[in-house]
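Student: Here's the letter readout for the chains.
Protein chains: 2
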Amino acid sequence: MSGEDIDGKAVAATIRGELKERVSSLRSPPGLAVILVGSRRDSQTYVRMKKKACEEVGIQSFGFDYPDTVTEDELLQKIAELNSDDKVHGILVQLPLPKHINEDSIIEAVHPTKDVDGLHPRNNAALCSTGTHVGAEKVDWADLSSVPFHIPCTPQGCIELLDRSGVELKGKNAVVIGRSNLVGLPVAMLLMHRDATVTIVHSKTTDAPGVVGRADVVVAAVGRAEMVKKEWIKEGAVVIDVGINSVDDASAKRGYRLVGDVDYAGCKEVASKITPVPGGVGPMTIAMLLRNTVNSCVRSGATKGE
Amino acid sequence: MSGEDIDGKAVAATIRGELKERVSSLRSPPGLAVILVGSRRDSQTYVRMKKKACEEVGIQSFGFDYPDTVTEDELLQKIAELNSDDKVHGILVQLPLPKHINEDSIIEAVHPTKDVDGLHPRNNAALCSTGTHVGAEKVDWADLSSVPFHIPCTPQGCIELLDRSGVELKGKNAVVIGRSNLVGLPVAMLLMHRDATVTIVHSKTTDAPGVVGRADVVVAAVGRAEMVKKEWIKEGAVVIDVGINSVDDASAKRGYRLVGDVDYAGCKEVASKITPVPGGVGPMTIAMLLRNTVNSCVRSGATKGE
Numbered sequence: 455m456s457g458e459d460i461d462g463k464a465v466a467a468t469i470r471g472e473l474k475e476r477v478s479s480l481r482s483p484p485g486l487a488v489i490l491v492g493s494r495r496d497s498q499t500y501v502r503m504k505k506k507a508c509e510e511v512g513i514q515s516f517g518f519d520y521p522d523t524v525t526e527d528e529l530l531q532k533i534a535e536l537n538s539d540d541k542v543h544g545i546l547v548q549l550p551l552p553k554h555i556n557e558d559s560i561i562e563a564v565h566p567t568k569d570v571d572g573l574h575p576r577n578n579a580a581l582c583s584t585g586t587h588v589g590a591e592k593v594d595w596a597d598l599s600s601v602p603f604h605i606p607c608t609p610q611g612c613i614e615l616l617d618r619s620g621v622e623l624k625g626k627n628a629v630v631i632g633r634s635n636l637v638g639l640p641v642a643m644l645l646m647h648r649d650a651t652v653t654i655v656h657s658k659t660t661d662a663p664g665v666v667g668r669a670d671v672v673v674a675a676v677g678r679a680e681m682v683k684k685e686w687i688k689e690g691a692v693v694i695d696v697g698i699n700s701v702d703d704a705s706a707k708r709g710y711r712l713v714g715d716v717d718y719a720g721c722k723e724v725a726s727k728i729t730p731v732p733g734g735v736g737p738m739t740i741a742m743l744l745r746n747t748v749n750s751c752v753r754s755g756a757t758k759g760e
Numbered sequence: 455m456s457g458e459d460i461d462g463k464a465v466a467a468t469i470r471g472e473l474k475e476r477v478s479s480l481r482s483p484p485g486l487a488v489i490l491v492g493s494r495r496d497s498q499t500y501v502r503m504k505k506k507a508c509e510e511v512g513i514q515s516f517g518f519d520y521p522d523t524v525t526e527d528e529l530l531q532k533i534a535e536l537n538s539d540d541k542v543h544g545i546l547v548q549l550p551l552p553k554h555i556n557e558d559s560i561i562e563a564v565h566p567t568k569d570v571d572g573l574h575p576r577n578n579a580a581l582c583s584t585g586t587h588v589g590a591e592k593v594d595w596a597d598l599s600s601v602p603f604h605i606p607c608t609p610q611g612c613i614e615l616l617d618r619s620g621v622e623l624k625g626k627n628a629v630v631i632g633r634s635n636l637v638g639l640p641v642a643m644l645l646m647h648r649d650a651t652v653t654i655v656h657s658k659t660t661d662a663p664g665v666v667g668r669a670d671v672v673v674a675a676v677g678r679a680e681m682v683k684k685e686w687i688k689e690g691a692v693v694i695d696v697g698i699n700s701v702d703d704a705s706a707k708r709g710y711r712l713v714g715d716v717d718y719a720g721c722k723e724v725a726s727k728i729t730p731v732p733g734g735v736g737p738m739t740i741a742m743l744l745r746n747t748v749n750s751c752v753r754s755g756a757t758k759g760e
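Going line by line, the protein sequences match chains Z and G. Read the first sequence against this note's numbering and you will find it ends at 760, with the numbers running on by one and no gaps. Read the second sequence against this note's numbering and you will find it ends at 760, with the numbers running on by one and no gaps.
If several chains are the same, the list does not tell them apart, and a pair holds so long as it fits within one copy or across any two.
The calculated BS3-like cross-link candidates involving lysine-lysine, where the alpha carbons are at most 25 Å apart (straight line), are:
1. K658 <-> K688
2. K624 <-> K722
3. K727 <-> K658
4. K658 <-> K592
5. K658 <-> K624
6. K463 <-> K707
7. K727 <-> K688
8. K505 <-> K463
9. K553 <-> K592
10. K658 <-> K684
11. K505 <-> K474
Rather than coming from a laboratory, the hints here were simulated on the basis of the structure.
Excised from the complex, chain Z in its bound form (with noise of 0.2 Å):
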């Protein structure tokens, strides 16, 4: 058996070509403010590519690039600006900040109706609740883009490369390997909303193979090259591979190549499904952003006619 690739890049163009349509029967576009601190290049490169994909769907992208010396008064200064901007729906602050900076601070102050990365506490107690504790609109799980609040981007991006491929989630083994605030827990708790049974799996559990073993959906994020192994996966499980790692490759031109948190090559000959690194995860984080961008402009009433 040979699993089948579940490709990401050609579910996020698709995602991507629904937005435009979407955003092309609102009234006024959908505004992003995109703040950059600081000369990381791979910061400076995840915001352009953000702001290519904001351009592509008629999203209106606002960037504000900031030295390494600002201070988080003047960027907290920005942020309460932008939240009374009507004209900015999203607010995106590219990760991570200079050290003198506090970033918790920085993302309480991005309002949460405008925190299109799902970071803000609001957002994630409303993910990390059941039932009644969600505000007082009824949230549909079944339909991630109907949320009525921000859900981080890559989890939201794991489920729907799920939805699209036709994966059934209720009532089946759900295992996340990783249980950080960005990735882990957030995509435990989507697939827990879905009427998984959710086991998360880390560094300090003492049989990851055994439990990964019995999951019919695995989730890996935990930063490690390849650490998921084809003998850890059931015959005919489908995986999801957020991990991106760089390992030394001479025969590469750049002397590295990337690869996921799983042994793709192994795995996939077990798995009934697999997403490949790169192609996989990756192309669905910024389509979940833009998504939630336009949810936000939506639900801020600018549809046409209103």
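Go by the hints and put chain G onto chain Z.
Tutor: Chain G alone, transformed into the frame defined by chain Z:
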């Protein structure tokens, strides 16, 4: 093999003793405001028990009783007043509230530092985070009494019982049955923070007995009388029963008796330790409420000589 009882009544009494000593070292007494709406018998009983427990350890309790007809605004005004009252370190709104009052709004109105029930989204978000996203203070999950925000009382009581019974959690398989905001989810988070490998079982889980059968620690919090059977429990597992269900019993004085979510007699034969119902988790809830209130007072700076 017959499992040892975990005596929640005794543990709670010990904790109340510790708190009494701690309170006596404070410059001024901790204060707990208790808001009771309507004339539900059970709510009245709980409030009476909480006030009595406060008295025992030296916490001042301030009762505010309202008729069923109270408006949301009246409650919000009272809460705002209590939020800025220096003599009040904890604010407890006895739930459930009448249908015309939005419980979420009331819960969110309580200042997070005075939210001794641990229900505010900010406290929930802190509980549902790993690493840095828990404010400025470093969280030491090994000692829950030191955690710088409020953790819900019943889940905290479960962990305290395990700790004081010498149950190691790190690397153990823990299964939580139930995913409620009040118990299931927070107790799962606490077990994860203690480095257990946690699985959440719920109504859509396809093989609950199989999943529970692999657990070293089982926490049952579903509200279904004696659902967890002897056959589900692994030999030597520790069983914490959060359920309190009344079942008809003609032989009992009142015509009913209280049982947990666990078939106590059966499970006791295979478990190494087990909580009885009543007298297990029950008494811990109020003890943890008292501890949250005392901690809140200490964090407000009310220590002697300061």
